[in-house]
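Following the hints, position chain G against chain F.
From first to last, the protein sequence lines stand for chains F and G.
Letter by letter, the first sequence follows residues 1 to 243 of our numbering.
Letter by letter, the second sequence follows residues 1001 to 1243 of our numbering.
No wet-lab data here; the hints were simulated from the structure.
Heads up, the beta-carbon is just placed ideally off N, CA and C, and yes, glycines get one too.
Treat the hints loosely; a few may be bogus.
Just a few of them, taken from the derived set where beta-carbon distance is under 8 Å, the chain F residues facing chain G [unchecked claim]:
| # | residue |
| --- | --- |
| 1 | Arg4 |
| 2 | Ile5 |
| 3 | Ala8 |
| 4 | Leu15 |
| 5 | Arg19 |
| 6 | Gly79 |
| 7 | Thr80 |
| 8 | Arg83 |
| 9 | Leu84 |
| 10 | Leu85 |
| 11 | Ala86 |
| 12 | Met87 |
| 13 | Met89 |
| 14 | Thr242 |
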Amino acid sequence: MSARIALAVAGRVLLQLRRDPRTVAMMLVVPCVLITLLWWMYRHTSVFDAVGPALLAVFPFVVMFLVTSVTTLRERSSGTLERLLAMPMGKLDLLLGYALAFGLVAAVQAVVAVGLSVGVLGLDIQGPVWLLAVVAVVDAVLGTALGLFVSAFANTEFQAVQFMPALVIPQLLLCGLFVPRDLLPDALHALSAVLPLSWAVDAMQTLTRTSATADVWRDLVIVTAYAVGVLALGAATLRRRTP
Amino acid sequence: MVNNVVTVRGLTVVRGGRTVLGGLDLALGSGVTGLLGPSGCGKSTLLRALVGVQQVRAGEVTVLGQPAGSPPLRSRVGYVTQSASVYDDLSVVENLRFFARVLGVGRDRVAHVLAAVDLVDHADRVVGRLSGGQRSRASLAVALLGEPELLVLDEPTVGLDPVLREDLWAMFHRLADTPSERGTGTAVLVSSHVMDEAERCDRLLLMRDGRIIADGSPAEIKGHAAARTVEGAFLALVKEAAA
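Pulled out of the complex, with its shape left as it was, chain F reads as follows:
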C-alpha cells in the first residue's frame, strides 16, 4: 500500500470532478432543493422533523453510489484501469483514492445539507451536529464502495444506472423513511436490519431525538463495517488479468 499513490488517485478524481462543474452542482444543490421541497410540503405538520434526518443519510449514499459507479465504469472501459493495474499500483491504493476523494465531496455535501436543514429550515437536532456530518461521510463512503462494486457487473453506463432501482431503492423503502422500522412486518423488519442504509438512517434519527451518542456510535461501526466489506468485494472485482 502506498499513500503517495492513493493521494495521487484522490487528487486526480477531484480534478476530474472540477472539470465537470455541472455534476458538482448537482451533487451539492439537488439534495438541498429536495430537502427544501419536503420542508415546504409538510410545513404545517411535524413530518419534516421525522423524515429530515433520514434524508440526510439517504442523499450522500445515493449520490455517491451513482457518481462512483459511473466513474469507475469509465475507468474500466477506457483502458485506464488496465493501464494502472499494469503499473506499480495496489488495488487498495486505487480504492482508497476513490474513497478519499468522494468522502471529501460527501463531507462538503453533508456540511451544506446539514447547514440548510438545521440552520435555515429549523430541523431540531439534540445530539452534536458534527456527528451528523460524520455519519453522512461514512454513509457516502458506503455508497462509493457499493458503486465501485456494481461497476464490475455493468458493461455500459446505462446498465450501471440500472443498479440503482435494484440495490438502492429497496434500501430506501425499508430504511425507516416511509414507515418506522419497528412498525414493519417481521420479515421486512429482519430484512431491513441487514441493509446498511437502515443503520445510517437510524443514527441520524437518534441524533435528532437524544443527545446520548452511544447508539449512534454503534450504528456508525455497523455502517463502517459494511463499507469496508463492500470495498473488499470491490477489490476482488479488480483483476489485473482479464480474459
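Leaving out everything else, chain G in the frame of chain F:
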C-alpha cells in the same frame, strides 16, 4: 542472443471458447521488433500476455528474467494499448503528472516525454478535444514516463499522418539505440497490421491465426520467401503453409 528480453514457451490463450494462441514459442531481444499480422490474428492477445494483463491457459512468459506481470516488472515495462488509455477530461499535462506520481518519477520526466511525443504545444489542452493521433501520442507519452526497459506498443501508428508515423518510428529507434542510465537501450515491440511498416524494424515477427509464421530481419524474411516486399513474403509463406 544470450540475454533475451522476452521468452515465451507454449503460450496458450483461450478467449470465449476460441483458442487465440495455441502453444506459442518466442524469444525477443533488444532493438525494434515489429509484430505484424492481419487484424484478429492474436497480436494484441500476445502483447497483453507479455505485459501480464491477459488470463493465460498454459505456458510460460518470462520478461527481463521475471514471470510476466510480476510486481517488480510493473515499473520496468511500458505498455500502450490500442485505444488511448488516458483520461479524456484532463489535459495532457495533468494526465502525465498523475501517472508520474503513480510511477514515482519526477516532474522533469513530464516535460521530457511531452517533448519526445511532440505535444508541448498541446500540453494544456483537454485530451478529449485532441485529434486521434494526438490522443494516441499522449497515451504513448504515459508509457515513456518510467523509462521502461521494454516498451510494448499495440498499433501505435494507426490513423497517423505519414510525417508523424515517420517521426514515431525514428523515436522508437532512438529509444532502442540510446543507452539510458542502465547502460542499455529500450527494447521496443511494436504491433501493426500495415505491412509497409515492416521495413522500419530491426527484426520482424509475422503472425497469422495465433502462430508466428516467420521470424528474422526484413531482409532475411524477404530473401527466404524470394519476395520483393514483406507483404509478398507473407503471402508466399501463407501459400506455402496451405500447400
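Here's how the hints hold up against the structure:
1. With 8 Å as the threshold, the beta carbon of F:Arg4 comes within range of chain G, its nearest partner Cβ sitting at about 7 Å, so the hint holds.
2. Taken as an interface hint, F:Ile5 checks out: its beta carbon lies about 5 Å from the nearest beta carbon of chain G, inside 8 Å.
3. For F:Ala8, the shortest C-beta to C-beta distance to chain G is roughly 4 Å, which falls under 8 Å, so the interface hint holds.
4. Residue-level restraint check for F:Leu15 holds (minimum Cβ-Cβ distance to chain G is 6 Å; threshold 8 Å).
5. At its closest, the beta carbon of F:Arg19 sits 5 Å from a beta carbon of chain G; the interface hint therefore holds under the 8 Å criterion.
6. A hinted interface residue such as F:Gly79 counts as satisfied when its beta carbon comes closer than 8 Å to some beta carbon of chain G; here the least separation is about 3 Å, so the hint holds.
7. For F:Thr80, the interface hint holds, the least distance from its beta-carbon to any beta-carbon of chain G being 5 Å, beneath 8 Å.
8. Look at F:Arg83: its Cβ gets to within about 4 Å of chain G, closer than 8 Å, so that hint holds up.
9. A distance limit of 8 Å between C-beta atoms decides the matter here; for F:Leu84 the minimum to chain G is near 7 Å, and the interface restraint holds.
10. A hinted interface residue such as F:Leu85 counts as satisfied when its beta carbon comes closer than 8 Å to some beta carbon of chain G; here the least separation is about 7 Å, so the hint holds.
11. For F:Ala86, the shortest C-beta to C-beta distance to chain G is roughly 5 Å, which falls under 8 Å, so the interface hint holds.
12. The interface hint given for F:Met87 holds, since its Cβ lies 6 Å from the closest Cβ of chain G, which is under the 8 Å cut-off.
13. Taking 8 Å as the C-beta contact cut-off toward chain G, the hint placing F:Met89 at the interface holds, the least distance being around 6 Å.
14. Interface restraint check for F:Thr242: the shortest CB-CB distance to chain G comes to about 6 Å, inside 8 Å, so the restraint holds.
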